[in-house]
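J.: Residue numbers (numbering that gives the first Met the number 0), protein chains in the order written: chain A, 0 to 512; chain B, 0 to 512.
If you are wondering where the hints come from, they were derived from the structure by calculation, not from laboratory data.
Incorrect hints may have been included.
Pairs count within a copy or across copies, as identical chains cannot be separated in the list.
30 Å max Cα-Cα, derived DSSO-like pairs, lysine-lysine [to be verified]:
id, residue 1, residue 2
1, K286, K256
2, K431, K334
3, K175, K31
4, K418, K342
5, K299, K337
6, K470, K57
Quick caveat, the model's predicted, so the values are computed rather than measured.
Each chain is listed here by its residues.
2 protein chains.
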Amino acid sequence: MIFKDSKFTINNRKSFCRLINLAADLKVMSNKPSIPKGTRDFSPIEMARRNYIFDTIKTVYKKYGFQQIETPAMENLSTLVGTGGNESDSLIFKILPRGEKLNKLVKEINNVRGDLSEENFNPIISDHLSTFSKHTEQALRYDLTVPFARYVVQNQNDITFPFRRFQIQPVWRADKPQKGRYREFYQCDADIIGSDSLLNEVDLIKIIDDVFSELFQGKLNYTVSINNRKILQGIVESVGETDKFEQIVVAIDKFDKIGLQGVYNELAKIGLSQNSAFKVLKLMISKDTYDEVRVNYPNKTDLELAPEVLNVLSQDIANTINGQKGIEELEFVFKKIKILGVKTANIIFDATLARGLGYYTGTIIEVKIDNFPSITGGGRYDDLTGKFGLKNVSGVGISFGADRIYDVLFDNDLYPEFKGDSTQVLFINFGKEEQDYCLPLLFQLREAGINSEIYPSAAKMKKQMTFANNKGIKYVVLVGSNEMESGKLTVKNMENGEQKNLTINELINLVQK
Amino acid sequence: MIFKDSKFTINNRKSFCRLINLAADLKVMSNKPSIPKGTRDFSPIEMARRNYIFDTIKTVYKKYGFQQIETPAMENLSTLVGTGGNESDSLIFKILPRGEKLNKLVKEINNVRGDLSEENFNPIISDHLSTFSKHTEQALRYDLTVPFARYVVQNQNDITFPFRRFQIQPVWRADKPQKGRYREFYQCDADIIGSDSLLNEVDLIKIIDDVFSELFQGKLNYTVSINNRKILQGIVESVGETDKFEQIVVAIDKFDKIGLQGVYNELAKIGLSQNSAFKVLKLMISKDTYDEVRVNYPNKTDLELAPEVLNVLSQDIANTINGQKGIEELEFVFKKIKILGVKTANIIFDATLARGLGYYTGTIIEVKIDNFPSITGGGRYDDLTGKFGLKNVSGVGISFGADRIYDVLFDNDLYPEFKGDSTQVLFINFGKEEQDYCLPLLFQLREAGINSEIYPSAAKMKKQMTFANNKGIKYVVLVGSNEMESGKLTVKNMENGEQKNLTINELINLVQK
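For reference, chain A alone in the conformation it holds in the complex:
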């Protein structure tokens, strides 16, 4: 409308740009439907890529004896609140069940507006508050670990421990949406619950190696950093600052961002003496220790050097109970992985790794590629089910971040061709008679397991060929009077333009090979 009425003349580049911007504004203003901020639709090609990631992870999980479960999107609010810390609580999407109840509430509040006097307000608003709180008794899960803990306790009599479960489902977080951070996203979790054996850690690290060797095809470097909460405790204990554990670890965790001097300043601010601060820094900056150790073994990998690095560390913290235990645990894991070998992972001991200290009590694992946020993480937690009344059950798990892995594969052009996932053969529709001739042939292809279609109406040839092109269909079958007479179909390969005359069985063989 505006375009018609206003008299734009495109006489220079500037006016043209203004016109383009106006058109863009108009498009935004038009009443096109949209989806909530931070959520996404997935188109067919995006689904194919996502399914490729999920299937790869699933196949590896199964190879290691993990079994799939699913839990409902909604949990009781009491299950979710208070498990992941205050930060998690504020990220929970709460649900107002039973739309009719909500409508009633709104109607009641509206009624109140009319006849309100001071003396009758308090009881009324108090009623509403209690209705209100009843309404928010359910919420969407924000991770898969808490629902899993709830599942384990609820079904403990039917579960054989140690229980290896995997779970691939979406989670929801009322987070500020930004690049790479969504309000709805998938997690791919594997946990072993009911066993404190460190062989479980070995399996999880090997799983990481298997999955990324498959997905990255050796074309992308990634680092699996491993630490143990007890190492962190040992370091802090060794300088006698146990009560400042959290503050010290938070400071050290910033090493990548603020550097050595920055961390030192933070430690000083916390109140550590120069001596203690230096000692903590020396112990935690395992990269430096790696450099020292590497002098003696110039050709060894990070994984191979890990026991030596741990050995250096142990001279200082082995006299603390936690330190000694942490060293032992990590040594076991690194030695086993070293013997079993890895395919492509760069496995490294990193004493500064401090993720998930709110719940991890032993091993801590994180996977990163350069210049990108963590793509996988995990660790051991000693009392996840305690909240639900089942004490002293140790668990360990990892979680692949499907959405970030999606982006990494996309940015690095690492997706395979998805052959045969979409339609492989299209019959062009030339009219009633030809259509009737083609229909039984079409179903012969489908019976042979070949994904195929007939264009549903006798549209213009060009339109039908464009359809085949856009949908990425490899073979187009053309049947006119000649073909109906001879029984030989004209088959066009859309990738190289080749045309052949084939019987239906020859066509089946061609597509299946």
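Given chain A's structure and the hints, the job is docking chain B onto it.
T.: Leaving out everything else, chain B in the frame of chain A:
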């Protein structure tokens, strides 16, 4: 506690029952975690069964050229409301995004309670109401059709029409939970949008035949009832009662429940003359027409007789515009299906079938087995995307009810054995030395694609064997000093108790065959 304190003596059946009831009450009272009413957890075996259903449907959908998409669990409330009728609106689960905003709101309401006077109440409560309504701007989808329509309009420039999409995702309804009806359940939808060709209907009916032939293996009878809204319109028009269309159809739809006399009474109540009521009944009760026609063709199936039945009907309604069109459309569909043949479906024309009249404008499809609610349904809708600003786009689709199909397969014992889906081989753990010997062998199996585990600690033999049994593991590998010396593993088949001495390669061959 109560058991200890109270002095129950179980001296007769009645006391015993009372005790059992008390125990049940106590169990409910104990603080075991639970999930929201109407939702479910899925255990590993349940997941295997569900995946079997989903995979079967997916494979068939792909064979017919359908491509998968996914949409977010949450949609804007404006997308969902007013599309499925008032009934659907009241079933919508609304979401309170951003937990912190909600907390603020509750806090504010609490503050108001203190200093409230008549004059300042109105603006304050009005503020809260507007905050409140902003909070409920999002909701969980209650079906997959509305989000699909929204998707099509939003992405219309990137979609090649006719667009064949399938979508397998959960939906949520704030329904009263009851047997077979859940608040969270999966739908498996396929729709073709942007084509009014009846070949699409033919494909959808053939898909139903393919899916249930596979799932039921010919061991369960099921009926695919087909109708067309235009037939219903033609019948009503033929007695000149167009303005009573909905009332008449609602009455006829009750035929299965209230019988002929019941429907007649209802029609009389609506105000139809005896003559008109008889005519409507005669036309709609196509089962009677089937019986009449069958006299001449005693050996024909319902599908083969459908054109004859339509022919009888056409004598009375072909003079109405809708009736004629409806007869033509159904004849096309039945004739094509008849030529192409079906595997196991009993396909029948049923003029009383009246589901989804709020949105279906042409073909109506429903699949039932005896004594069970509908397990699949679908139809054609001429203006689903109109609400979102894209007019005159015809679509047709079906939806498999995964949860009901699950129950049908379970009740009729129709699930296959899920071989190789779970762990196939377990290494018994006899201690450190044996464990270290087994670890590389375990990884050889995994590299060969065999799902396998080692018990993570040297627990008692019985415990480990029970673990293998409970998890349904077929082969157990026992390695002690003899085996380590000889290099031959003792392999026990848990299904028949057989024991063999095998090399690792022989074991791999045994499991893979």
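J.: All hints are to be evaluated individually against the structure, with a verdict given for each.
T.: So, going through the hints one by one against the coordinates:
1. In this assembly of identical chains, K286 and K256 lie within 30 Å of each other by CA distance solely inside one copy; the values are 15 Å within and 77 Å between copies.
2. Taking the closest pair of Cα atoms, K431 and K334 come within 30 Å of each other only across two copies (14 Å); inside a single copy the shortest separation is 72 Å, beyond that limit.
3. Proximity of K175 and K31 under a CA criterion of 30 Å is satisfied intra-copy only: 23 Å inside one chain copy versus 34 Å between copies.
4. For the identical chains of this complex, K418 and K342 are neighbours both inside a copy (27 Å) and across copies (29 Å), given an alpha-carbon limit of 30 Å.
5. Taking the shortest Cα distances, K299 and K337 sit within 30 Å of each other inside one copy (11 Å), while across copies they are farther apart (72 Å).
6. Proximity of K470 and K57 under a CA criterion of 30 Å is satisfied in both settings, with 28 Å inside one chain copy and 18 Å between copies.
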